[in-house]
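Throw the hints in and build the complete structure from the sequences for me.
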Amino acid sequence: MTLLPADAARLETLRQQLAAQRRELAAIVAQLDADLRLVPPLGDVQWQGPARRAYEMLVDGLRNTLRAGTASLRSAERSTATAASTLAGYGR
Amino acid sequence: MDGDLVISGGGRVTVATDELLTQAAGLVQLHHDLRAVTRRVQAVTTRLSPEDLRRADAPVSALAAEQSTETALLMLGLAEKQAWLTAVALNTAIQGYGRAELAAEEFAQQLGARLGYGVGFLSPLLLLMAAPTLGFGVGGLVVRGLVSGEGPSSTFRDIGDWLLENNSVLTNPTTVALIRAAMGSTDDALGGLVRLPASVVTQLGDEGVGLTGLGATAAVAVLLAHTAGMLQESGVVAHKTTTSRTGAPRSLAERVARLPSAGAAAGEQVRIERYRRPGQPDAFEVYIAGTVDFNPIAGDEPWDLTSNINGIAGLPAGSVEAVRAAMDDAGVTPETPLVLTGYSQGGMVASLVAASGEYTVQGVVTFGAPSGLVDIPPEVPVLTVRHTDDLVPALGGYDVGHHALVVERELFANRDVPMGVAVPAHQVEYYEETAALIDEAGSPQVRAALHNLDEFAAGAGEVESALYLARRIPMDVSDHGR
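Residue numbers (this note's numbering), protein chains in the order written: chain S, 4 to 95; chain A, 36 to 517.
Keep in mind the hints are simulated off the structure, nothing from the lab. We put the beta carbon where it would ideally sit given N, CA and C, even for glycine. Check each hint, because a few of them may be wrong.
Taking beta-carbon pairs under 7 Å as the criterion, some of the chain A residues facing chain S (in silico) [as the list claims (entries may be wrong)]:
#1 58
#2 79
#3 96
#4 97
#5 104
#6 114
#7 124
Following this line, the structure appears as structure tokens:
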């Protein structure tokens, strides 16, 4: 496929934008991995009864949501990397 | 909560382990982090919208990335709210527990007061009823002393030996709580004994306006003891024995390690460290040892029972005067920034010096101190460390102030009580162990207290350390000196 110079420049700009997006997503994922450590471990809760069970449910829900959010961002990072390398292939 | 650090006070009603407080702070931090992360993800989606990608004829994977990012945004927004909700729930539970603890303590105090009054009121009758038993008991002891040829001292030795062998009875949080309740109700017992109306005793005592209380009872005990030549105060002198150069302490455990070993051969009771800080006035840290002599008749050692009881009574105490004299010699003035650290009686002395309002005290740290009655001004940061199975702090009764940050630990929750020591949980080496745990604590309350101490020591270019030995002046000599 032969690209016109204007198209090549446009695709290169897009590729650079996607590369920057990938880097930003990777940084956010690293931040979320660190934040996941702030979610309290369940085994260490030091009281008994209904309050403890309610607390466990809240902590469990928080951890699952945070993991799901992080997984989505990881997926976005991978897709962005794929898109950037696809665009890089157009010019060859 | 076996052996965990339990944090209370600091002007709040919360009572919780360091771990739970750390978790609560972590959840709040997570909430703030997630809010910031959500903004960053929003910025990513704004920079390259799906329309932009379609117009630019971007690969399908770029659109997939956009969809995943949108999903993540929803999840992170939800997680942010969950983190906040969980933090609120945990803090509510902690405060609820704190309020319950406070209510339980107030209830125990009132119950103890009523029981104390009843015991005092009925004591003549109780003595009458117990007279036959007491008579047999005393008679038995006298006969036993005569038969063994050792006199009554052997019986007291046997009691001491029994306590050494059964020290787990004394080294128990329940026993300690009972002792604290008993100490808190001594004024009520006295009121009952002299037949004051119960309502008057309650109004005058700790549960009322606080005119009477453990301090007043201790003062009465001092007056009565004077008639038998006991608990009599004297003049004191303090002189510098050694000086050295050192560095500033970098942890709470290092502060405990700097407490003088007053029971050792040299016997110094006070260490004063002078911080020379370029461009700032010199600052001082004072480390004060615990009781050395438990004899009720004062000898030449000011760190004795006489100072203990007089200190609790709020009367002039030899050890307090000795610390003042040592500080004066070291160059401490009313304007000098000062931090006081004390163990056992030393903690009470540190608290009394801070409460005098005569010095610029920027921190007080006590370990196992019977200083509950000492009302330190709220602007002075106080860190109180005590073992819940150490009975010595309980001898000071209930805490009158609530601004001190109290860190408690049940020392022998997970291990056997060592034999051969009457009050093992009071040993300074165990307080050093607890101090090391506090150094590792993560709760914001403890970190703030340690930060205050670290800030004080920071910038100390040069530290001059001096040890002081104090001695009582014999009564006739001190009388002449007045």
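A quick look at each hint next to the structure:
Annotation: residue 58 of chain A was flagged as interfacial toward chain S, and the flag holds, the nearest CB pair being 4 Å apart, inside 7 Å. A least Cβ separation of about 6 Å between residue 79 of chain A and chain S falls short of the 7 Å threshold, and the interface hint therefore holds. Look at residue 96 of chain A: its Cβ gets to within about 4 Å of chain S, closer than 7 Å, so that hint holds up. Taken as an interface hint, residue 97 of chain A checks out: its beta carbon lies about 4 Å from the nearest beta carbon of chain S, inside 7 Å.
Annotation: interface hint on residue 104 of chain A holds; nearest CB of chain S at approximately 4 Å, less than 7 Å. The restraint placing residue 114 of chain A at the interface with chain S holds, with a minimum CB-CB distance near 4 Å, inside the 7 Å limit. For the restraint placing residue 124 of chain A at the interface with chain S, the shortest Cβ-Cβ distance is roughly 6 Å, inside the 7 Å limit, so the hint holds.
In this structure, none of the earlier numbered hints is contradicted; all agree with it.
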